[in-house]
Structure formats: structure tokens, C-alpha cells
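Enquirer: Chain order of the listed sequences is A and B. Mapping to the numbering used here: the first sequence position 145 is 145, numbers consecutive. Mapping to the numbering used here: the second sequence position 180 is 180, numbers consecutive.
Possibly wrong hints are sitting among the right ones.
As a list, the in silico DSSO-like pairs of lysine-lysine whose alpha-carbon atoms are at most 27 Å apart [what the hints assert, rightly or not]:
#1 B:K123 x B:K144
#2 A:K416 x B:K78
#3 B:K144 x A:K416
#4 A:K408 x B:K78
#5 B:K141 x B:K178
#6 A:K8 x B:K123
#7 B:K144 x B:K178
#8 B:K78 x A:K8
#9 B:K118 x B:K78
#10 B:K118 x A:K8
#11 A:K408 x A:K8
#12 B:K141 x A:K416
#13 B:K141 x A:K8
#14 A:K8 x B:K124
#15 B:K123 x B:K141
#16 A:K8 x B:K144
Calculated directly from the structure, the hints in this document are not laboratory data. None of the values given here were measured: they were computed from a predicted structure.
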Amino acid sequence: MRLTVLLKLAMRSVGRNTRRSALTSLAMVLGLALLVFSRSLAEGAYDKMIDSGVRMGSGHIAIQAPEYLETGKLEHRLEAGVVRLASEVANDVLRESLLSWAPRLSVNGLASSTTAAVPVRIEGVDPELERAFSDIEDKLQDGRYLEAGDRLHAYIGTELAQRLDVQVGNRFVLTAQTSTGDVEGQLVRVAGIFQTGIPEVDQSLIHIPIDTAREWLHTPGATSTLAFLLKESELTDIGVETLQLKLENERQIRVLGWRESSPELAAAIRLDSTGNYIFHSILLAIIALAILNAIMISVLGRRREFGVLQAMGLTGVETGFYVFLEGLFLTVVSGVAGISAGLLFTWGFFRDGLDFSIFMEDGLEFGGQIMEPIIIPHFSVEQLLISTFVVVTIGIISSLYPALRASKLDVAEAMKFEQ
Amino acid sequence: MKTAVRTTNLWKIYPQEPDPVEAVRGISTEIETGDFVAMAGPSGSGKTTMLNMIGGLTRPSRGQIWIGDREITEMSDKDLAQLRLERIGFVFQSYNLLPVLTALENAEFTLLLSGVPKDERRKKVLELFDKIGLSGLEDRKPGKLSGGQQQRVAVARAVVANPALILADEPTANLDSKASTDLLDVMERLNQDHGTTFLFSTHDPRVMERSRRLITLVDGQIESDERRNHSSVSP
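The task is simple: from the sequences and hints, build the whole structure.
Expert: Set out below in C-alpha cells:
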């Protein structure tokens, strides 16, 4: 195979019909630029959803008792000794990638005021660690978030406050089954009221100091969940694997990634991502057809040229490879231009993001999370590699058929062809 | 005298409805090395089909072809391509230069395919261009050359690798009288200087006049085969 000669011919041929090459390139550039932009935007939106979801939920990595995810019951908790061990190991293993962590002791119960009794999800939290971990303090509507030293304070959602008819400073009673099996009450005072925009959360979530919860529920030092927030969500899998290895002998511990601990969020992202892939596949198919069409027309119009090349000593396979290289070259050049154009366009939004508030004034709930209207696109090296792979694949697929046609040419017939 | 081309009972039948077309019907002939042969005849007499079969571009339906001492009818496509590269040069009616290459690059193309080093290629082509009046046109693309100049580049491309045989399919058909005469001069000179065998298919009386042997085909068969007096290069 005379590769250098074929490559030189292919490159010259792309430059020969500038209008054809330019139109084909333009189709690719626009298509790929759109692809890169929309993919980056989707990745940015997912990043935001994951970040918001894991902060409100159980972090990127959660350590719980094995049955807790399924039952959510207090009896499936981590006892003090296990909590100490797990938090030490996790803080050591995740040291490089850890942003913050928080212990939570959760129980389902009833919140009662003089007006109403409402079923609630009570979470005992460490106020200082929780403040660094979750963004629930940012949702404050009235009063303040919990502080170190608080004992009988509660942070509740707006809808719950309305149903209980309480305001900051008012008292109400929490009732739940404790670890002893008895149902016991705990009087708390409203320290602050928040609004996330997610009805289920605003109706039922209550934060109280973890020490108060432990004392009330007779679970000294225990937690339901040790939640860990990482610097990048991509570090989750490796973090989970490492922790699982380190803690494999601890039967009373289960290490979960956010996809397991927040299955609704994972499913929502998967669903949206599938939709995106279908859209992108259609876009790529259109691009591939544009290239196939351009190369095919070019091949059909140059039969005599291919005949001459074979008359001079090129084999059929080499003639086909010449066409293949031409298609590949056109695709790669246009692909690089398209990806660059997409990146360049997306670049403008990397810092401040793209504001979609005009389309979602009140925020959009997605996968149990409220999507912020400003989305910062995210473009990773992995995505760049995938885009490059896709471009080359499109080039190969759309050039194969024309190449095959050129290689199977009847030379004598081709010579009769009028160019 | 050695034989450059030999055919025995050569047939080419194109399957066609309702009746197959017999383009060449049992032609047996020999062409000597260094000869300057014209194959004439009306349209559809089988001239181009004969050239295509001899050049290995079309496979015969029956019969055998030898190029020198090699029988080519059973050769693989790859071997035929190699044979064309090493031993056969083509000149076409429509010049068929590659539009993306310059005159010099077109002329050196077969040398490039043969892996001849660049310096040697350039030297050979420049010498040849000088000999056939193309000096100064090396960097022009085919679109910037006249018909006669393009055909001379095509001849240069065909002969530059010193093939044993040049097959020229109506090479003067698109040229005016002056350009045709110039081209025939060039080819005749190359024939005499290098001993290259030329086989033309032609309608052009000037080509027939200059040939040393004239084979006339009618309906796919040889009607006459006459050896002519030696021609001379026009002044």
C-alpha cells in the first residue's frame, strides 16, 4: 500500500472542490458545535443536580448499616464504636478528595403543635459540619440555622411551619419510637424556617442538633448515615471501591455511592441522558449522511479519474483506500473545527454560566431536586476523547461505502465516463 | 525480433439482452517489440476493447494474451495492476490527467507509485519535458494547459517509467492538426530513441500514415493487417 501517495492525493482532492468541502465541513462544524455545546450544558446541569442532590441527601458516599437504605429505621443504625471506626477510615482514605463530611441520625416521627400533628422526617445533625456540607442554610426564609451549642432548637420547612401554625421562637413536640421501643416526645423550639421549593422536603424535613437526637432516642454516639462530600462526583466510584475494600470485614457497615443512596436522582439523570443520547445520535446520523452524500457524489463524478489511477498501476483496494482517506481527512479536519467551535462558543459560559430563568421562573424540579436556572457548562477530557472518537467513527462509517464502490470499479467502463 | 504482445483466439462478449454483444471475435495477432502499430476501424469495431484487454483493464471472455513472456488472462487484479505499473503506459483520448496534480507531478506519478526517489523522478521528468517541449510548464495544473500540452504531459506520464508497451486510445482525437502532428512527432521520437512499442487505436489518417503497421478491425475481427513503409518525423 502506497500510503504516502494516497494521503497526498486525498488531501489535494479535499482542497480541489472547495465549495463541496466547505459545505460538508460547515454541516459538520455546525452539527458538532451544537453537539459539544448541548452535551457540555447537559453535563453542567447534571453536575449541578448531583451537587445539590448529594448535599441535601447522603453525600457522594454514604456509610450506613446494611439494611438502612431499604428500611430507614432507627434500629438499623451505626453504633458509636462503628461510627468512630468508619469516620476515621473514611477521613483517612478520602483525605485527598474530601470536601466535607457530616453525621446524621434520622428517624420518622410526628410533629405536633396545638393546631396539627404532621408526619415528619427528623434528622439529628452536627450544625457546624452540616453547614459546610449541605446548602440548606442558604434556603433560610426566617430566623437562623442551627448553631453549635443549640440543644432544643429545630430548623423546619415553610410548609411544615404553616401546617403546624408555628413561627420562629414557637415550640412544638416531636414524637418518635426510640431505640428502647418506647414512643417518647421531645419539645423543640423553631430556630429557623427554610424553603427549598421541593414540597416533600418543605413539608416534612426537620433538623435538630444530633446530641439532642441521640439523647432523646437513647442512641449515644450513634448515626444513621455518615455522609461524605467529594471535590468531584467522578471520584465517587473509586472512593466507594476503596472504602469497601478497607471496611470489608465490618459486617455492620455498607458503603454506598450517590447513585445507590439517591436512586431517584440517578434514574432521572439516566433518563435525561438517554434522551440526550438519542437526540445526539440523530444529529450525528444527519452529519454522517451529509458526509456520505458529499463523498458519494464526489466518487460518482470521478469514476474516470479512478479508472485512470488503476490504469496507471493502483490496485482496486488502493483506489478505495484513497477515497476512504479523502472522507476521513474531510471528517477529521471538519471535526476538529467543529469541536473547537463548540468549545469556543461554550467557553463564553464557563465562568458565569447560562441563565435559563426566563424559561423556569419558579425553578424546575428534576429527580427530586430543584434545578437552578443558571447552568455552567462542563466539558471534560473524557468528553473530548469521546467526541474525537465519534468524529473519527463518523468519518470511517461514511467513507466506507464510497470507498467500497471505488474499489469495485470496472476500469474499462469508468474510462468511458464523461467527467 | 521479440514479441511485445501476443493474442490467441481472443474474444470479448458483453452479456446483453436480448442478444450478447461480441465486441472482439477470435483475434490472434502478434506485435513486435519496438513496433509503431495503429489499429483502425469504424466505431464499434473492437479497437478500444482490444486495447483494454491487452492493458489488463478488461478480462477477455475467451483466449489468451501475453505481454512479453507473461500470460495475463489468469493474473490476479493485484498482479495486473503491478504489470501495468511496470510494463504498460496508457495515453487516453481525453488526456485524463489528475486535476489535483501539477504537470510535473502528473508526469512523475508512475515513478512515485514505483517508489523512485524524488531527485531521480524530477531529473527524469525534467529531461523528458525538455525533449517534448514542456519545459517551463512543470508547475501548471492541467486546467492551465492547452489540449496539446495536456496530451504531451499524458505521453510523458506514460513513457517516463520506460514501459515496454504504450497503449494509446485515440490520442489525437481531441487535438487540432498542428497539435496532432507535434504529438505524433514526440511519440515517434520516443519510439525510435527508447525502442518503446506503441499500439494505437485510431480513426485519424495522420496516425495511420505514420504507423509502421496498420491493423484494420471490422466487427471485432481483423479485416486487414499491413506493414507499411517506415515513416519519418516531420521537420
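Enquirer: For each hint, tell me whether it holds in the structure or not.
Expert: Results for each hint:
no.: 1; hint: B:K123 x B:K144; in the structure: 23 Å, holds
no.: 2; hint: A:K416 x B:K78; in the structure: 22 Å, holds
no.: 3; hint: B:K144 x A:K416; in the structure: 24 Å, holds
no.: 4; hint: A:K408 x B:K78; in the structure: 13 Å, holds
no.: 5; hint: B:K141 x B:K178; in the structure: 22 Å, holds
no.: 6; hint: A:K8 x B:K123; in the structure: 21 Å, holds
no.: 7; hint: B:K144 x B:K178; in the structure: 19 Å, holds
no.: 8; hint: B:K78 x A:K8; in the structure: 22 Å, holds
no.: 9; hint: B:K118 x B:K78; in the structure: 25 Å, holds
no.: 10; hint: B:K118 x A:K8; in the structure: 14 Å, holds
no.: 11; hint: A:K408 x A:K8; in the structure: 22 Å, holds
no.: 12; hint: B:K141 x A:K416; in the structure: 23 Å, holds
no.: 13; hint: B:K141 x A:K8; in the structure: 16 Å, holds
no.: 14; hint: A:K8 x B:K124; in the structure: 21 Å, holds
no.: 15; hint: B:K123 x B:K141; in the structure: 19 Å, holds
no.: 16; hint: A:K8 x B:K144; in the structure: 21 Å, holds
In summary, this structure violates none of the numbered hints.
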